[in-house]
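Input sequences plus hints: build the corresponding full structure.
Protein chains in written order, with my numbering: chain A, 257 to 717; chain B, 257 to 717; chain C, 257 to 717; chain D, 257 to 717.
Heads up, a few of these hints could be off.
One copy or any two copies: either way a pair holds, since identical chains are not told apart in the list.
Restricting the straight-line Cα-Cα distance to at most 20 Å, the calculated cross-link-like pairs of lysine to any residue (SDA-like) are [unchecked claim]:
hint : residue 1 : residue 2
1    : Lys410    : Gln422
2    : Lys549    : Glu497
3    : Lys450    : Gln386
4    : Lys509    : Asp552
Hint data in this document are derived by calculation from the structure and do not stem from the laboratory.
Number of protein chains: 4
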Amino acid sequence: MKTLIKNGMIVTSSDRYEADILVENGKVVLIGDSIKDAASEVVDAKGMYVLPGMVDQHTHVESPFGGTITAPWHTESVAAALGGTTTIVDFALQSRGESLRAGVEQWKQRAAGRSAIDYGFHIGVTDLRQEVIEEIPALVEEGVSTLKLFMAYKGDLMVEDATLYQTLDRAKSVGALVMVHAENGAIIDLLQKKCLENGQTEPYYHAVSRPIEVETEATSRAISIAEVVGAPLFIVHVSGEGPAQRIREARAKGLPVFAETCPHYLLLTEEELKRPGFEGAKFVCSPPLREEKHHDALWKALQDDTLQSIGSDHCAFSFKGQKELGKDDFTKIPNGGNGIEHRFSLLYTYGVAEGRLSLEKSVELLATNPAKVMGLYPEKGTIAVGCDADLLIFDPEAESTIQFETSHQGIDYDMFEGFPLKGRVKDVFLRGKQIVKDGAYIGSLGDGRYQKRKPYGLCYK
Amino acid sequence: MKTLIKNGMIVTSSDRYEADILVENGKVVLIGDSIKDAASEVVDAKGMYVLPGMVDQHTHVESPFGGTITAPWHTESVAAALGGTTTIVDFALQSRGESLRAGVEQWKQRAAGRSAIDYGFHIGVTDLRQEVIEEIPALVEEGVSTLKLFMAYKGDLMVEDATLYQTLDRAKSVGALVMVHAENGAIIDLLQKKCLENGQTEPYYHAVSRPIEVETEATSRAISIAEVVGAPLFIVHVSGEGPAQRIREARAKGLPVFAETCPHYLLLTEEELKRPGFEGAKFVCSPPLREEKHHDALWKALQDDTLQSIGSDHCAFSFKGQKELGKDDFTKIPNGGNGIEHRFSLLYTYGVAEGRLSLEKSVELLATNPAKVMGLYPEKGTIAVGCDADLLIFDPEAESTIQFETSHQGIDYDMFEGFPLKGRVKDVFLRGKQIVKDGAYIGSLGDGRYQKRKPYGLCYK
Amino acid sequence: MKTLIKNGMIVTSSDRYEADILVENGKVVLIGDSIKDAASEVVDAKGMYVLPGMVDQHTHVESPFGGTITAPWHTESVAAALGGTTTIVDFALQSRGESLRAGVEQWKQRAAGRSAIDYGFHIGVTDLRQEVIEEIPALVEEGVSTLKLFMAYKGDLMVEDATLYQTLDRAKSVGALVMVHAENGAIIDLLQKKCLENGQTEPYYHAVSRPIEVETEATSRAISIAEVVGAPLFIVHVSGEGPAQRIREARAKGLPVFAETCPHYLLLTEEELKRPGFEGAKFVCSPPLREEKHHDALWKALQDDTLQSIGSDHCAFSFKGQKELGKDDFTKIPNGGNGIEHRFSLLYTYGVAEGRLSLEKSVELLATNPAKVMGLYPEKGTIAVGCDADLLIFDPEAESTIQFETSHQGIDYDMFEGFPLKGRVKDVFLRGKQIVKDGAYIGSLGDGRYQKRKPYGLCYK
Amino acid sequence: MKTLIKNGMIVTSSDRYEADILVENGKVVLIGDSIKDAASEVVDAKGMYVLPGMVDQHTHVESPFGGTITAPWHTESVAAALGGTTTIVDFALQSRGESLRAGVEQWKQRAAGRSAIDYGFHIGVTDLRQEVIEEIPALVEEGVSTLKLFMAYKGDLMVEDATLYQTLDRAKSVGALVMVHAENGAIIDLLQKKCLENGQTEPYYHAVSRPIEVETEATSRAISIAEVVGAPLFIVHVSGEGPAQRIREARAKGLPVFAETCPHYLLLTEEELKRPGFEGAKFVCSPPLREEKHHDALWKALQDDTLQSIGSDHCAFSFKGQKELGKDDFTKIPNGGNGIEHRFSLLYTYGVAEGRLSLEKSVELLATNPAKVMGLYPEKGTIAVGCDADLLIFDPEAESTIQFETSHQGIDYDMFEGFPLKGRVKDVFLRGKQIVKDGAYIGSLGDGRYQKRKPYGLCYK
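Written out as structure tokens, the structure is:
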């Protein structure tokens with residue numbers, strides 16, 4: 257079975273050119289001028305951009321958190337597909353007392369046969385006993401080449417500095433990359449208690465109890481510890497200027513420090529948390545949304561390569577029944593928002609169309625760099641001969657507005673409700689199979705396959 | 257006439273994959289897995305890298321300077337070709353009292369029919385009368401989309417701040433990019449006189465009279481003036497930490513400031529200027545070579561995207577008869593060194609093979625970014641369907657040593673004499689025509705064509 | 257004649273203690289607990305602060321500028337006295353074609369017998385011929401140990417970089433300190449012309465045509481040139497964050513760079529320039545007033561010792577007949593504002609009383625450091641045995657409001673009109689003679705004496 | 257009983273003048289020109305500097321540590337006196353499970369009647385239970401207005417971030433100032449174990465296991481936590497560039513962060529730790545000695561007010577029997593060196609005489625600022641009417657060399673052995689009583705009195 261995509265404007269992280277693409281056996285096999293292949297199904301992409309399928313390195317699908325669980329694979333993976341994302345790297349979590357492998361297995365089982373798109377897993381380390389350290393090499397062998405540690409969530413996910421050091425040290429020896437959620441959980445814990453003691457229970461106090469200084473601090477700490485170890489480091493969801501500046505300084509020193517931000521830190525502010533009727537809870541995520549001045553700081557950090565990628569940190573809870581758990585106490589609001597569906601369209605609209613980033617740079621931030629840093633390249637993240645035919649045909653002329661009613665994420669609201677969008681994800685191919693056609697999902701759950709990811713440094717150079 | 261390059265490992269600034277390339281009418285028309293085309297001449301690139309022809313944005317070929325003239329097109333363009341460079345952007349110069357166009361025409365005439373590779377021209381502005389300002393739009397139309405101003409060489413090429421401002425202002429309106437040689441010429445002039453008054457006439461005083469502070473200063477000044485105008489800026493030949501840091505800070509502020517360094521600032525130090533027997537004169541260039549600590553600062557500035565390209569600043573004078581003009585007075589030594597031939601091999605050896613930069617990043621720094629920033633993309637600077645078939649087949653396994661005797665530049669020494677090299681430029685194609693075969697030049701002078709370059713912003717995003 | 261000041265709280269830049277002060281022959285001769293001296297006139301300072309007479313290092317009294325002249329010695333020196341300032345260092349100016357000495361002599365003659373307070377002179381260098389350079393040693397001998405250069409006012413006062421270098425070089429050799437007005441005059445000149453061409457003639461365009469980038473640039477340039485020379489440097493009237501940051505970085509590198517800001521940059525914004533009815537002209541000074549965010553940056557720069565002093569830059573023109581010269585063209589508005597009278601009270605109110613600076617720090621910024629850096633110490637700038645009995649008795653409890661009608665400066669408005677003030681200058685002594693009593697001037701014009709100032713480094717360590 | 261000190265050159269942190277000082281009842285009562293007082297004992301200080309008695313805010317006298325104890329009050333206080341130090345603030349330590357008060361009481365008892373000079377105590381918090389927090393207000397009342405927390409020494413003195421936050425929060429409310437030893441103890445613990453596992457047991461591995469990154473990190477963390485609390489912070493013994501830069505940035509942001517360095521970080525390097533025969537152990541202190549490049553960084557940080565004081569961190573163990581405890585394991589070497597005796601002379605020699613700091617600045621760093629920041633001012637730290645007559649008569653002409661044999665500290669070596677010294681501490685007065693005469697100690701143990709210190713902010717402004 258072959259497919260020929262004709263006349264599109266192919267855009268990768270470095271190039272932009274009009275050509276035809278021939279797909280065979282799920283792979284791109286030929287790129288050329290006026291390819292003729294009678295045996296193929298032909299898709300005309302005249303006037304369209306043909307982009308690599310997007311890679312989202314930061315999702316939490318069907319993940320237990322605080323006594324409830326995020327939206328499931330069968331909705332979220334379809335939403336991702338409709339948004340042009342063909343691969344996600346989801347966060348599996350170790351349970352206390354359990355092995356890392358058990359966490360990965362649990363997540364694999366949940367995804368198996370229920371995902372519209374390809375997927376891999378990070379493993380979140382929460383309980384680093386000696387035997388757990390010893391699991392790391394085998395996990396890397398099996399394609400789980402990234403570990404995540406939480407410096408926040410004291411008493412739950414938070415790890416001590418010694419754990420961070422030891423994980424970095426062991427990970428380095430086998431090419432695993434350590435990712436950190438950088439907020440000082442011990443200080444947040446005290447600030448939360450102080451708020452609650454003062455009767456400050458509303459969603460806005462979520463932001464008050466997590467000031468950016470605790471993120472700047474933890475970012476700085478993680479960088480210093482990685483520097484001592486001599487290991488690479490990935491900082492997730494950078495929310496503003498202080499942590500971005502620390503990362504910039506580390507990179508200027510030549511340290512292999514990588515980082516992402518997320519659409520909501522670029523586009524939303526902490527003012528949302530003040531919405532009446534507990535609606536602010538819809539915007540409770542960690543780190544919290546910040547003051548508006550940080551938007552500009554983050555766009556600049558994307559432009560000057562301080563931040564190399566944008567993940568969605570999609571961690572979707574419904575307002576009813578889930579966010580409401582924190583009605584009387586903001587610390588009980590499940591942390592997380594949505595973004596898996598419109599990540600690319602938001603960036604196209606507010607980044608590319610507004611002149612902040614080129615389309616090439618957007619492909620780099622949302623597809624190529626995530627694929628490279630996460631060990632999915634060259635199969636994923638670009639359009640080149642030999643790569644997986646994960647392709648997105650994007651119509652730059654269409655316009656729409658984000659509305660919960662027409663979104664596909666499995667929750668009851670959308671953080672970006674009412675945001676106008678430029679362009680439209682028209683068609684999506686996953687390893688050559690068309691799964692979105694003219695904006696409608698036409699694939700099958702189970703199309704998605706588990707991706708073994710390569711160790712650090714084999715893809716990103 | 258078609259050529260098929262088979263089995264090579266294609267490397268662009270973002271991708272690396274094994275594929276065949278079909279070239280027709282000087283263009284890349286097909287890239288694919290196991291291409292069969294009976295009508296083609298076949299080149300086997302098994303085990304080789306296939307790279308875009310390199311672009312050198314900073315050369316001074318057959319250029320009058322201080323009463324003498326640099327090495328000519330028929331030697332330097334061949335040397336470039338043998339080193340894998342298929343396009344240069346050379347610096348034409350306005351003469352005082354003359355038009356910009358007259359400068360460009362003079363350079364065009366010298367190059368016509370005598371260049372082994374493609375070429376374009378920047379125009380160096382030295383005398384900005386009102387009618388000269390008015391020439392800028394027409395020059396951009398004709399493909400001279402970059403202007404260069406000298407903040408150094410007082411009494412000769414140096415322009416005042418007002419000229420810099422006005423040029424930036426006019427250039428901005430028509431998409432021309434302004435490049436600056438950033439050293440404070442007025443201060444250098446005083447320091448030179450002071451040295452000479454003290455009887456300090458040897459080559460080393462060239463470095464003494466041009467301390468890095470005057471480069472840091474002028475870099476900072478040019479950035480501020482461009483910031484006031486709201487224009488993009490390109491800083492040539494950054495030689496060390498101070499100026500690099502100012503550029504880093506400007507980029508962190510979101511300013512469109514671009515910059516290059518050169519191989520000699522990465523690999524040689526001011527100690528060379530102390531060589532006995534006036535041999536130090538061979539290393540007299542401006543800015544001067546610096547202390548060794550700056551090497552590390554510049555490699556880091558390449559890594560963190562503070563510097564986006566590496567030009568050779570090839571400006572070759574022989575020792576005999578040319579450098580010797582300054583035997584009794586270092587200010588009379590023609591300024592300049594060589595680099596057009598081994599620029600890529602030096603970067604491959606000391607950047608890629610030593611683990612400082614990936615091969616992809618090297619392609620970006622030496623081909624893709626120069627092509628994009630200089631308005632030569634997408635014809636030049638990458639390998640993609642539709643681009644010029646400027647291709648370099650590189651054998652990574654070969655080893656050699658730079659020796660004047662086996663170099664091809666038209667002067668009587670080589671600044672990098674004795675430097676071991678990894679890898680070898682095996683074959684080179686210019687718009688589909690093979691001009692280097694197994695390391696030997698097989699082209700004709702006159703193969704090279706003048707390139708009309710696009711305005712700023714049409715290529716680099 | 258002896259005076260005994262009893263029971264006051266003496267405050268110097270480092271100390272605060274209750275004691276009596278015995279003054280004899282114009283000098284402080286004894287400081288002690290319960291001094292008894294029958295032969296003395298006794299002043300009771302119970303509940304009052306006893307401070308050193310303030311030193312204002314930046315005034316322009318009776319100075320020709322743009323075809324008119326600033327307010328004269330007999331008014332401004334009295335206003336200064338009433339505000340607690342007992343010494344000023346005024347800016348004499350060289351005329352083009354004339355000697356430095358001629359400038360100093362002209363200023364000396366104007367001040368002679370007409371000043372209520374002590375005074376010295378800087379000399380503004382505008383025309384640095386070789387014979388002018390040779391004047392510097394003799395001027396330093398005569399107590400003119402500071403030279404000022406203007407990087408602004410193109411075609412008038414502006415000097416070239418070479419002049420700056422040469423002045424720094426010669427000054428260094430004889431212990432003269434070079435002061436610079438750091439704005440890029442060449443760029444301002446172009447921006448002014450652009451505004452006028454666009455019909456933008458109102459006072460606000462004064463600010464538009466002097467953006468802070470041109471001040472940051474010139475500050476950076478002056479620092480780099482002084483760094484090359486190895487000379488100390490003093491930056492006058494720093495107006496905001498950019499230049500302050502460059503000074504901070506220079507000092508962190510160990511460079512002997514000093515700087516001042518002025519009350520108006522701490523307390524007023526460019527919004528004043530938009531006042532209707534040409535009233536904005538009252539606020540036209542150079543550098544211009546800035547956006548409000550710079551206030552905080554400057555207070556912090558005072559706190560962390562980036563800026564070591566506060567001068568008034570008093571340069572007072574009346575609105576009628578003087579500021580009005582620029583009615584149709586903002587470039588013709590005489591540049592300058594007032595501040596000689598309320599400099600200390602403004603700092604006390606908005607610095608000390610609002611908790612930004614201690615009273616000791618204010619004494620340091622307004623008296624001790626100016627005296628030390630300007631070579632007036634130990635006679636001026638502190639209260640210690642042997643120093644001149646220049647004393648200010650300050651009542652911290654009084655309150656008032658600045659009103660033009662009750663001010664004493666010789667112009668027809670006050671930039672700080674309506675500013676509430678805390679505290680009151682009650683009594684002032686000049687070399688032991690009381691010249692202000694209970695807020696009223698009781699001295700004689702001619703009390704003030706010319707002060708020979710010491711070379712750089714003899715006072716400030 | 258009165259004393260008249262005649263003809264000396266009095267130097268304070270801001271002033272320098274020749275005058276006589278009359279001392280009565282332990283206080284300075286009169287400073288003046290040619291004081292005559294028949295009833296007084298007269299000391300002629302012609303040609304001498306008369307300085308405030310130095311204040312050392314960082315000592316560990318007779319302090320248990322690692323199973324042994326530092327040199328005792330009766331030797332160390334005499335050594336301090338002979339070096340010109342008249343007040344120390346020593347570190348009392350809470351024992352785990354005990355109250356803060358118990359720690360203070362224990363130290364008070366050890367000092368009582370056995371100190372040659374005045375003394376106060378900080379209290380080191382190691383075990384912050386709720387009832388311990390509640391002790392803080394009462395301790396401040398009793399003059400223990402500074403608390404110290406250790407971020408190093410895991411499993412022993414180290415406190416968690418939550419403890420640091422809570423201490424800062426409570427301390428702030430009652431005007432106590434929190435001091436931190438900023439090194440990341442958790443990482444050091446791992447690095448130490450790694451060294452020992454590798455058989456790296458020699459003293460040099462003390463430095464290897466405490467790289468400056470862990471100090472930079474902890475400094476950054478402490479600053480961020482204090483920033484969140486809104487409390488002032490004091491960083492002890494800053495050892496090099498990284499931490500100094502973080503403090504500089506904090507102060508530039510307007511944060512009330514204070515810091516000290518110590519003589520050994522300015523004058524000794526980690527090379528000392530490599531001395532053969534286990535002699536390196538003599539130089540084992542924490543943070544460790546650093547590379548030489550940090551010396552320059554620290555001198556600059558003193559010059560630009562990034563660091564406001566120099567404490568000795570005197571913590572003296574003998575080589576025999578004490579340092580030897582770590583013969584087979586560097587982690588068992590008692591941490592600490594000496595400095596209480598020659599702190600001022602070292603600074604005079606290597607700071608003042610070499611032109612790095614003025615004598616006034618040295619007085620500020622070693623006497624005035626320590627007195628002010630530690631709440632001992634105005635009784636201590638300056639020479640002014642009403643202050644304690646703690647006076648040091650210093651002969652600037654004498655020269656000597658530090659030799660263990662002629663030193664007075666109660667240990668068997670001196671870290672600064674062989675260092676040439678300029679100047680000599682000739683006479684010392686403690687509250688008017690002469691305790692050192694012509695370089696010999698003539699006081700009595702028990703002359704020293706406990707000093708109740710004032711809360712933060714009452715002295716330092």
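For each hint, the structure was consulted:
| no. | hint | in the structure |
| --- | --- | --- |
| 1 | Lys410 / Gln422 | both (19 Å within a copy, 16 Å between copies) |
| 2 | Lys549 / Glu497 | both (8 Å within a copy, 17 Å between copies) |
| 3 | Lys450 / Gln386 | between (36 Å within a copy, 15 Å between copies) |
| 4 | Lys509 / Asp552 | between (24 Å within a copy, 10 Å between copies) |
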